[in-house]
Amino acid sequence: MILPSISRSVLRQHSKAAARYATNIHASRTMSTSSSPWSQFEMAPTDPIVGLNEIYNKDDFPSKVIVGVGAYRDDLGKPYVLPCVREAEQILMDKNLDMEYTGIAGEPKFVDLALKFVYGEDSVPIQENRVHGVQALSGTGGLRVFGELMAKHGHKHIYVPNPTWGNHIPIFTNSGLEVRKYRYYDAESSDLDFTNMMKDIKDIPKGSLILMHACAHNPTGMDPTMEQWKEMSETIKKQGLVPFFDCAYQGFASGDPVKDASSVRMFVEDGHLISMVQSFSKNFGLYGQRIGALSVVGADEDEAKRVVSQMKMVIRPMYSNPPRQGARIVTTILEDPRLTQDFLDQCRGMADRINLMRTLLQDKLAEAGSTKNWDHITKQIGMFAYSGLNKDQVMEMREKHHVYCTADGRISMAGVTSGNVDYIANAIHDVSK
Amino acid sequence: MKSHQSALTIILLSCVLTTTAFSATASSTEASTNVWRDVPPGPPDAILGIAQAFRECTAENKVNVCVGAYRDEKGQPWVLPSVRSAEEIMLSSENKEYLPIEGDAAFVNKALRFAYGANAPLDRIAGVQTLSGTGACRIGGEFLSQFYSSKNILVPDPTWGNHHKIFKECGLTVGTYRYYDRSTNRLDLQGMLEDLRNAPDGSTILLHACAHNPTGCDPTDEQWDQLLDVIRQKQHLIFFDSAYQGFASGDAEADAKALRRVMDAGYPMLLAQSFAKNFGLYGERCGTLSVVCHDVAQKDILMSQLKCIVRPMYSSPPKHGSSIVRTVLSDEKLTQQYYQECASMADRIQTMRQRLVQALQNVGSSHDWSHISEQIGMFAFTGMSAEMCDTLTDQYNIFLTRDGRISIAGLNDDNLGYVAKAIHSVTDGKSITSN
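First to last, the protein sequences are chains A and B. Numbered according to the numbering used here, the first sequence spans residues 1 to 433. Numbered according to the numbering used here, the second sequence spans residues 1 to 435.
Source of the hints: derived by calculation from the structure; they are not laboratory data. Keep in mind that the hints are not guaranteed to be accurate.
Pair by pair, the computed Cβ-Cβ distance ranges are [to be verified]: (1) B/Ala106 to A/Arg86: 41 to 51 Å; (2) B/Arg232 to A/Asn162: 19 to 29 Å; (3) B/Gly49 to A/Glu121: 44 to 54 Å; (4) B/Glu88 to A/Lys400: 38 to 48 Å.
Here are the simulated lysine-lysine pairs, PhoX-like style, with alpha carbons at most 25 Å apart [claimed, not checked]: (5) A/Lys109 to A/Lys238; (6) B/Lys62 to A/Lys152; (7) A/Lys181 to A/Lys202; (8) A/Lys152 to A/Lys379; (9) A/Lys237 to A/Lys305; (10) A/Lys156 to B/Lys165; (11) A/Lys64 to A/Lys78; (12) A/Lys58 to B/Lys168; (13) A/Lys305 to B/Lys421; (14) A/Lys156 to A/Lys238; (15) A/Lys206 to A/Lys181; (16) A/Lys230 to A/Lys109; (17) B/Lys74 to A/Lys152; (18) B/Lys168 to A/Lys156; (19) A/Lys181 to A/Lys433; (20) A/Lys400 to A/Lys379; (21) A/Lys95 to A/Lys259; (22) A/Lys58 to A/Lys400; (23) A/Lys95 to B/Lys74; (24) A/Lys181 to A/Lys156; (25) B/Lys333 to B/Lys62.
Glycine included, C-beta positions come from ideal geometry on N, C-alpha and C.
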């Protein structure tokens, strides 16, 4: 589902109302609390993903279930802090580090490790020192910096898959880019719409930005195969497009971070000068620390560094410099081989549990008597299952069964447990039979 | 949403000096290799760039009086013990879940109490957690740009350099009002009043809540009377930037006097709050942006709009810094401890301030340095020219900003004499009031 951004007409209404109001108060002599500049404004729509938590929290039905936000839960439905993260925190406490400002681009050590994590240490551009980047406020922050950067450098639009993560739209719109879509998913068949995707990509004007999900497409969970990625890479090169990857689930999708980075690494090997945003929210479970990275592959070292210097120009008037703790945790882990192995094991553990739940959910749906084809649940990858439920069915599931997912039918598999999978399967079956 | 063609033009024009819009329509064979080719290097940030130059300097006698971060008497960064204690507690109690878009409600509540006072009507103050002061100014500026009738914001001359960049990015038209009289090294009240009178009605006026950065020169109570008179007549909107509460005088209540006065008087206002200095949480980016509303319903509406600004920028704020502040201010003992620690920082700075003036006199300077004694907060606005500052850096390895601003926190027993001598050398026989 695409998040509806505030329409221009609504905004203009507000501005006009405010202007009228300001004229009125100019006429009055006294300043009082009633002559407020804000009195004419209307409630903005709640975010469809995050706002779900708010609705859910207000429900007091004892068996209520939320499968909305993409945050991992263990099999008891509890938030999970990776043990390697806890250990890293203790190590950091013992080091007694200061809390000084870091650079605008963040911790160089963190950025270096983050980039190697996704591009691979033996990646040619990494070896040639022409991949550079900045620490970002997780995925969202990196996307916003990138959007503003590109808007300042002549870009007018960006192409995103349809559907995509809802927040992509307002992020890029607020950056000053027009968001355009290329076909991606066929809801009828619950599958990748590859033929039409390639058709649309071939129509994208030269030099345009094209955003792709590196793995575990959100919300559909449908990723291209390696052959399909290859064809995309060739076509994008022929079309002269600018490839930009949103990588939020590396390691979390298949359980293997190297495998999950295959698409990105293929593009790099094929010679594309890609840019990429990485989030460490899911794979490291560091949601609240807002830790990520934004990077570019330059034609040479100097070029990549110049782009980074321009990224810093965007960051300084936005938040000056990024928060340290998340970067320090990731650095502590990735610079230590044993902690890195622990991380890989624990991240794989999360991916495995989710895949188990996928199988379980599909089985339970059959057990509940559903005759629909639910293959897509196990075919999809990553945190989400794009169920295929329509908006009415989703609402009925909320009202009748107190099972909360986003209106587009996206189910966060991380919220499914062995304790609630039966209940969820029955609810889905009930609204879809 | 960016809403002004003219604002975009301003932004683009401001980038012309440093960027060129490179062609987005490269030929098919060249496209991959041409993507970043024409991107020029961005200029280094004035303040942070000097901090970097300090780090890269290898001279043994180098002195950093540039960045506004506290240093103890050994010249070392200082993590408040109450902050460390909070972190210890958090090791076992904190999870890593997303904060809500608007941040940690308990933290925001404590933060607003801290600023607005024990009796403040928090139920009608819309507050969101932000990435320290910068983030708060950005969220506030975007909010004004989208929802306030006036697109004019006036900032003091001089002000923290980043204010201009932040508000310009928001699409606001940034003007200045006279603030500091460099010929007297004192507040230019008449200039200030005149410029506020001449500004279009309902303009946004950015005011430093206390310890003005970079001058350290705050209005007196009587001067505030006059300022608020004009502001009321002109129906201006006040936007306070509070980065030094508790850190300026050592008394958090006293440092909040001006902003509380405005709130109590019923003026509509915005407040950007930073915990970087007073809690020493610089790198953890902890702050708030709040808007005083008429009633609860209005507050709810504004909260919904503020969230729409945050979500497409970074989704939700980082939690480590806010959890520390919340943990400290939720514990009576830690709170008491915190107030003492903050006061100790302010005291050390106050002491060094007086000793700097004394030292300058002792080395034979005949200048009137009383403005330094009277200034408040982390900085001394010396009155030195850019050339003098350059000489201080190039010849004496003393790193300061080129507006003559010295971070007093960077002074200690080991470097005070050296710095005083150096300042005397570059200012002797020259004017410090001619800027």
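Hint by hint, here is what the structure shows:
The given range of 41 to 51 Å is broken by B/Ala106 and A/Arg86, whose C-beta atoms sit roughly 23 Å from each other. The hint said 19 to 29 Å for the Cβ distance between B/Arg232 and A/Asn162, and at roughly 52 Å that hint is violated. A C-beta distance of roughly 31 Å is found between B/Gly49 and A/Glu121, which places it outside the suggested range of 44 to 54 Å. As the Cβ distance of B/Glu88 to A/Lys400 is approximately 47 Å, the hint placing it in 38 to 48 Å holds.
A threshold of 25 Å between alpha carbons decides the hint, and for A/Lys109 with A/Lys238 the separation of about 36 Å lies outside it, so the pair is violated. Between B/Lys62 and A/Lys152 the CA atoms are separated by roughly 38 Å; this puts the pair beyond 25 Å, and the hint is violated. Among the hinted pairs, A/Lys181 with A/Lys202 is consistent with the structure: their alpha-carbon atoms are about 13 Å apart, no more than 25 Å. At roughly 40 Å between alpha-carbon atoms, A/Lys152 and A/Lys379 are farther apart than 25 Å, so this suggested pair is violated.
Proximity of A/Lys237 to A/Lys305 is assessed by CA-CA distance (about 23 Å); at most 25 Å being required, the pair is judged to hold. Restraint check for A/Lys156 and B/Lys165: satisfied, since their Cα atoms lie roughly 22 Å apart, inside the 25 Å limit. Between the alpha carbons of A/Lys64 and A/Lys78 the distance comes to roughly 14 Å, so the proposed pair stays at or under 25 Å and holds. Proximity of A/Lys58 to B/Lys168 is assessed by CA-CA distance (about 40 Å); at most 25 Å being required, the pair is judged violated.
Distance hint between A/Lys305 and B/Lys421 is unfulfilled; the C-alpha atoms sit about 40 Å from each other, more than 25 Å. A threshold of 25 Å between alpha carbons decides the hint, and for A/Lys156 with A/Lys238 the separation of about 21 Å falls inside it, so the pair holds. Using a Cα cut-off of 25 Å, the hinted pair A/Lys206 and A/Lys181 holds, with the two alpha carbons roughly 15 Å apart. For the hint linking A/Lys230 to A/Lys109, the alpha-carbon distance of about 32 Å lies beyond 25 Å, and the restraint is violated.
About 44 Å separates the Cα atoms of B/Lys74 and A/Lys152, which puts this hinted pair outside 25 Å; it is violated. The hinted pair formed by B/Lys168 and A/Lys156 meets the criterion: a straight-line CA distance of about 20 Å does not exceed 25 Å. Between A/Lys181 and A/Lys433, the direct Cα distance comes to roughly 32 Å. Violation of the 25 Å bound is thereby established for this hinted pair. At roughly 28 Å between alpha-carbon atoms, A/Lys400 and A/Lys379 are farther apart than 25 Å, so this suggested pair is violated.
Taking the CA atoms of A/Lys95 and A/Lys259, the gap is near 34 Å; set against the 25 Å cutoff, the hint is violated. For the suggested pair A/Lys58 and A/Lys400, the alpha carbons sit about 15 Å apart, so the restraint of at most 25 Å is met. Simply put, A/Lys95 and B/Lys74 have alpha-carbon atoms about 19 Å apart, close enough for the 25 Å limit, and the pair holds. Note on A/Lys181 and A/Lys156: the hinted pairing holds, with a Cα-Cα distance of about 14 Å set against a maximum of 25 Å.
Under the criterion of a C-alpha separation no larger than 25 Å, the hint pairing B/Lys333 with B/Lys62 is inconsistent with the structure, at around 39 Å.
In summary, the structure is inconsistent with hints 1, 2, 3, 5, 6, 8, 12, 13, 16, 17, 19, 20, 21 and 25 from the numbered list given earlier, while agreeing with the others.
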